[in-house]
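Asks: Sequence:
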Amino acid sequence: MSSGVKVADSCVEIYNEIKMKKSWKYVLFKIENKKEIVIDSQGDNSKTFEDFKAALPEAEPRYGLVDIHYTTDDGRDQSKLTFVMWSPDDKCGVKDKMLYASSKDAIKKKFTGIMKELQANDMSDLTDDEVNALMNKK
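Take the sequence shown: its position 96, counted from the start at 1, is 106 in our numbering, and no numbers get skipped.
Just so you know, these hints were derived from the structure itself, not from any lab. Errors might be hidden in some of the hints.
As the list claims (entries may be wrong) - SDA-like cross-link-like pairs, simulated, lysine to any residue; straight-line CA separation at most 20 angstroms:
{"#": "1", "residue 1": "K114", "residue 2": "G14"}
{"#": "2", "residue 1": "K90", "residue 2": "K147"}
{"#": "3", "residue 1": "K31", "residue 2": "T122"}
When you get a sec, could you build the whole thing from the sequences and use the hints?
Replies: Shown next, in the form of structure tokens:
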């Protein structure tokens, strides 16, 4: 089911920057006025995954793109651009959750070539162990 929410062109532009030029560590996106997905904030390459987690609002959903560095099961360092759906379970309203869930496909379709996706409902979903396990999943 589609929500009719549009994706701003700036979202696609910044996706291409992060994918091709690796110019950002992360970008957060929000739905504005229940009509359009726009850029919420971004972190440059000096930022870490911890900074990304700190940028997530406590009581509102967000979409995120983050360049996650991890170690493969066989010990190699890797990094993958990952789509994150942040939807805090206990602090965010059902209507917001529904809007973000039903709009997810719209933004993901614009981000061609995303290899990994992470669904997070609280910070325990974003621990190093959880993220490493997801990144190493075949």
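Asks: A separate judgement is required for each hint: does it hold in the structure or not?
Replies: Here is how each hint holds up against the structure:
no., hint, result
1, K114 / G14, "holds, 11 angstroms"
2, K90 / K147, "holds, 13 angstroms"
3, K31 / T122, "holds, 15 angstroms"
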